Amino acid sequence: MHSDVWIAGGGVICGIGNNLSECLTAFERMEPGMAHMEYLHSVHRHTFPVVEVKVSNAILAGWTGMSEKISRTALLSSVAVQEAWKSTGLGDISQYRVGFVSANTVGGMDKTEDFFADYLLDPSKGHLSQVVHHECGAITELVADAMGIRHHISTISTACSSSANALMYGSRLIRNNMVDVVIAGGTDALTRFTLNGFNTLMILDPAACRPFDDTRAGLNLGEGAGYVVLISDALAAELPSSHQPWCRLSGYANANDAYHQTASSPDGTGNFLAMQGALEMSGIRPEDIDYINLHGTGTQNNDSAEGSAIARLFAPHYPPVSSTKSFTGHTLGASGGIEAVFSAWAVKEGVIYPNANFSKQMKDVPFSPVTKFSAGNQLQHVMSNSFGFGGNCSSLVFSKNEQS
Amino acid sequence: MYIYIQGTGCVSPQETAAGNTFPAAVLPWEGPRLKAWEPDYKQWIDVKLIRRMSRVIKMGVAAAKLSLQEAGVEIPDAIITGTAYGCLDDTGVFLSKMINQQEEMLTPTAFIQSTHNTVAGQIALMLGCHAYNNTFVHKGFSFESALLDSIMILREGRSSSILAGAMDELTNHSFNILSRFDLYKKEPVTHEQLLKSTTHGTVAGEGAACFVLGTEKGPNTKAKLTGLTTLYKPAGKAEISPDITSFLAAHNCSQEEVSLVITGRNGDAAGDEWYEYVEDTLFAGKPVAGFKHLCGEYPTAASFGMWMGNRILAEQEVPAAALLKGTVPDHIKKVLIYNHYKQTHHSLILLTVC
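Residue numbers (our numbering), protein chains in the order written: chain A, 1 to 404; chain B, 405 to 758.
By construction, these hints were calculated from the structure, which means they are not laboratory data. It should be emphasised that the depicted structure is a prediction, and the values quoted were computed from it without experimental measurement. In this text, a Cβ means the ideal position worked out from N, Cα and C, and glycines have one as well. There is no bait here: all hints are sound.
With a cut-off of at most 20 Å between alpha-carbon atoms, the simulated DMTMM-like pairs for lysine to aspartate or glutamate come out as follows: (1) B:K628 <-> B:D481; (2) B:K501 <-> A:D118; (3) B:K637 <-> A:D145; (4) B:K746 <-> A:D145; (5) B:K501 <-> A:D122; (6) B:K501 <-> A:E113; (7) A:K125 <-> B:D586; (8) A:K125 <-> A:D114; (9) B:K626 <-> B:E661; (10) B:K501 <-> A:D114.
Chain B regions said to be covered by chain A (calculated; three or more residues, Cβ under 8 Å): (11) 488–494; (12) 497–511; (13) 520–529; (14) 535–546; (15) 555–568.
With the rest of the complex left out, here is chain B (with noise of 0.2 Å):
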């Protein structure tokens, strides 16, 4: 059973909501914090319930419509989410206000979108879906859980669309706290030079990217999922390419049948390392392409990364801004994207055109 990608919808600090093409320039940034750029959210969402949503709600009902609209779609046979943090932002507003207050006079709509599911069920309620509705929270696996749910749904063979996403928002609180961590760079960066950066840290980004996956071709169809894995604290960097190669045989792919590897090199030296051995020990000379100089780094940007890949098939081409090395052949077959979160959770995506 081949598992097709019949819609998708991405908001991120670069203007991919504006429409599902490639944005044709950077929106630049600098300094280590991105914030996604935000659509107007009234095409699809009532006035009065913007007000009260939370950006991560807006975004993750964003992405949801526009990959629904794509896919030709209006009530979908399961919606599964994935997200690290969850609502933060209405989390730490109903926990700032319950430490300030001393636990009085709380009123109850932060803390009814505190909680993880609220988007999946914001969705839900929305498209008036009752469908299979379930929600991922497993820091760096949070979207690839998402996908394999949904997966293993559509291999059931009693579902043909299923919406599948991630989303995460960065917050002021988190922001902070997430720097104390020593997480991000200290010296000024620019999307030009976070991905050759030789120093520790990287920069904050967040964002929501959908996608409709179905058991048959949609109208807008342009790549099937052909492989999806996790690999969980690997015990070094020698142990990711056996992984790597047993993947690939695995989804009957060969190395040189790989017509682009889209990896999740993010600036910080020592991660990067991951990406530097598997390009030149299983990729030489293959052409590499990077996402997180263009959305940040927070744990579901797989998902940003996905949605450039199925960008990339449906145009045939590698957006500039995009490519960190090698030519690009002229039929792009199969793309690989690598990623992993700060080098514990590991995930491989295997994406094929049609």
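Chain A with its partners taken away, still in its complex shape (with noise of 0.2 Å):
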């Protein structure tokens, strides 16, 4: 139960690049990717730019071996799998007892929302095809039966956190030996339905995204699928000296802020008290955090809240901070995957990732975040935030390899 659980390696696609090396070089030339829709068909085309991945359907289903028809959520998840799997070496994935805990929050959306077009005129029309992936589980069998994966399948929805609590059920698998190998992480397609939803809760910004900025005007969407791969303390053993983990997860926490259905609490209870709960876990106190990877929205409510939450808890000693989303947008049911790969990177190889577009500092945050890309720094611990709907919070701790 006291086992370790490890990361072996990760993937991830989204606006800023197709894999993890193309990323992590948008970040280091300060290239984020907004821009106007060019796949996903939208009246709003002009109004509010997203971060798509710059990919069609056809191209995706090239790469992945699936059918282009079926969903980008699907085609999405399936190039970040094969990736992350990929990275860690581990080779023929039937020698191992495998799971796989992909999140995501609109399941097939994008295909339902033309089958429901012909559908609402008549409703003996539309294709059954384009809705029959609509479940949110679906678009997860799709990918394991690709990849051969059975001995544990599941899916998690918490919305904006979605991901992060899919490393957290996936961990736990391990630990409990239900499986040696989970591949855990997350997947959206920027769909019609999130587009209108957010452009609802007047949360979009027509401009790009500035996070903790005291400018900030909203989000932009985003869309991809990053996957980190966790396997157990035997398995991590017999790795190999040219394929060793890439860092622990060595903690995590899930809170309820319980405040309101959509909006973070003011002082961002939520927030506190999952960050706090990772920092028990991981058994290590705020100051020795080396980066935080923020949930860092661009809304007004969440970066006051978390900036609250972060004030709190870690004053007087800040440690360096950024939002990604500040390049790759919020990509909402992946964005905890995508991060959580950009993370325990980031304790692999020192990386401190930029926050795009900020040139103000918020009046009621005390700290600012860090604007330039930089490698090598000796990071012992890093945190990754994700904060969403339904006041689901969740926090998580990646480390060095050596115990702390």
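Using the hints, build the complex out of the two chains.
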């Protein structure tokens, strides 16, 4: 029960790169991915910038060996899962007891909304093939089946904190010796449903988002997928020196803000409890955290609440912080997975990611984000935050391989 | 460590929400769509909130409240839900308006309430519960994943009571679309005939069932949750038998000790062959009960089966309407629930009387 869970590798696809290496280059060159919609068809095309994966479904299908007719959410998932698995060097997946825990928020909604346009005109119309993968779990199964995973599969949906919870559940499966390996993370493609939903909440910025900036005016939606490969102590001990784990998932916690269905409490109660719980599980103090990958959506409410909670927990020793959503946009159910890959890599390579578009410190927060890329830092512990609708707040802590 | 069922609550097409006992009579239904019997929600929810809540939220909150009341727990140490479809009604409302109004002049309420974690979030909000909160959305494993997460957290030893449950609603849109996938009976059928049917298809159902699980007995505890496992796409019927045998062995339970088998039989001829195979090969002569003629088929229907299993252990009696074959022993000690959803998602739940 007290064994460690290790990160053996990771994979990511998002609006700044089709793999981890491309994303790192974009951070280094300070190239955020916001642009006009090219693949999503919406009347808001020229109103709101989004951070799309700059690849068509046909090309994604070609990369993954899947059908181009299935949901983009599954195609994105498959790309990142394949990269994550390859990065571990674990080889033939069939020789392990493997779990796949994937998160998403709207399943195959990108196809359902096309189906619904025909269906609403005539309930006997609309191609059933467009709605057969509507359920969130269907997306997970498409990828699990393609990978040949069947020991344990599950899907989590807790809005924007979904895939952080996938890492927690995956970690528990390993600690309970149900499986040896879990591919954990999440995926979400852009849909008109989510774009219009966030628009009704009036939290979409018509310009590039500015997380933790006093002039921030909302978020930009993004899309993508990100997965880490969690492995047991026993399996980590067998890895060759050429493929040592990136780091440990040393702590995690999930708490509920219990304040409002969509808004965060002003003092970020849930955020505070999640961060505090994760530190406690890691057995470390706030000053031991060397970098925080913020939830940092760029909305007034989130950044104030998250900032307050960090101030309460970390004052007066603020670690470097930044929101990579200033590059990737908010990828919703994928964000916790994408940022887990970035955070785990940060521990491995000492990377601190920049926060783009920052110019003016927030009045109500006593710290400001890092604005320059750097590598080779000594990072012992990195925290990743994911907060969402429904009051769902989750924090993860990634730590260097040496026990602290 | 034992895991005790401290309280249960169930909203279903039967009058299960009227109290926590098994209803005296079956609410009859006809046709392929069963609707939940809804209690007066005012006893748990503010009237102003009720008006805005979709049925799945109300059913989920009611089942949660009933289970917490029975357990005597005000604030649980975690809230974990499972829902295959999530908040379908609000999803359908927002989607329809978005299409009909060409993405203009939309309002946020339906979108806000469409996310799959709405029910768990609402329960937390109503209870003022800051604890762990999670929602599983994996088709026919949604409920089982919620149970498994609860079991693993309880084993960590820092939580004493967890609220775990599942909820799914049927809407006009979802029933229309699922019907087009040829899931339901074409011919008229009643609750008395359904499980004897030899034709294709079943009937659609819905409901919510919640359980307070804890490491200690509660004042109303009657059963333990002894074991749980899931099997994804087993190769065939022959594969399921050794899986059931090893599941029982892992929980120190012989086949003889199983007093009653509850199966997810739903009247679909091909799907029911799995249950028949297991009844005939592993549990010949054992009494068998069914439940989907009472709640209909839906991806989280196993939660109704577990609610019924707990009631049977509590009352030491199998309702006549549920018993399909065999003679029930005087002392009902262990109940095995074997369910599958569309032959893809198979699960086993073992309950033991306290």
